[in-house]
Amino acid sequence: MWVEENNGKYKCCEKYKDPMTGKWKKVSVTVTDKKRKTLKAAEKTLEGEIEKKTAIVPERKQIRFGELVDLYLEYQQENVKESTYKSCGYTYHILAGIVGQDVLIENLNTNYLEIKIKKYSSKPSVRNHYIDAVKTLLRWAERKDYVGDAGYLRKLEPFKEKPRREKIQDKFLEPEELRELIDALPDERYQLVTRFLALSGLRFGEMAALTKKDVDFDAGVIHVTKTYSPGIRKTLDTPKTFTSERDVFLQPELWKLCKEILQFTRIDSLAGGYRTDLFISSIHGTNLINGCDIRYLYAHIRDRIEKLGSAHTLRHTHTSLLAAEGVSLDAISRRLGHEDSNITRRVYLHVTEKLKERDNAQIAKIQIF
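To convert, take the position in the sequence shown, counting from 1, and add 1; that gives this note's numbering.
Rather than coming from a laboratory, the hints here were simulated on the basis of the structure.
Careful: at least some of the hints might be erroneous.
[To be verified] In silico EDC-like cross-links for lysine to aspartate or glutamate, where the CA-CA straight-line distance does not exceed 16 Å:
no.	residue 1	residue 2
1	Lys119	Glu158
2	Lys117	Asp150
3	Lys35	Glu6
4	Lys18	Asp34
5	Lys87	Asp71
With the sequences and hints as input, model every part of the structure.
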């Protein structure tokens, strides 16, 4: 402490380092004399002031990677849909195992993360998936002040992937392949589900959430207002996007199929001893689940129909069927419930291009003179 005299008064001063800026600052207190008792009291006052000013930033707690993952997933559970949270949880629990549950996040660096991710998988696409995940996690941690500067993430570059040509015709089934699929299914329930998804274009979760009242025969539409998320909470949620909430027109073939499904559900519930308001359900009267009820079943016939990646293939198949009948891309997009889809556009253009080629081949055969 030092004392500055000014107009018969004395200013007792002391320096301290501002923890927010790292710069030196000064505090002072004015006294009327330079007696030892007075200066001692002033010194004590200055110590109290400095303590207040330097205590505004608590020391950051050292957090381990596993703890950070738990904090992030807790945040995600409150801010995203159930389906997104479930997918996110799966990724980050694996990531915690890759990086190490007990690793202090302040000690992470580019080299360490690259080595761990490379060791986990040899596939560039898988490596890049976890690079994106760890970047998202640590940038969130930086925003929430769980970690200091995470600028080193800029140096964590993606691994080079070999370019792969994706055949758009492998994204949907041709009519004969669709019929082969339906005939190959051993269960009537999933034959009905497959036909419904191909004729309506609904997402699996949207179909699983439908109640009997959502199929409005009077208005001639299906009211799509929700989707089923088969996570821990098994909840009904809002549709995927704003435009996903829509009315889907019941064309005659779909109208007839919906009547078949309602009849099937009524008979199945009586035989199975369950009650349900669902349009179509599992054998227990609960919502159908994509992963358990469809992917496993379809896996048994992929040796015959290799294109069948998942139930979503039927949504692209719906696009191809409508395109083949000359329905516009805008009308198809509105029916599917999205503003823009690269796959939908590519399927549409592929099918319409095939139609042009067929038409041109027919015209080429015409000889007038």
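Output the numbers, in ascending order, of every earlier hint that fails for this structure.
-> Violated hints: 2 and 4; rest satisfied.
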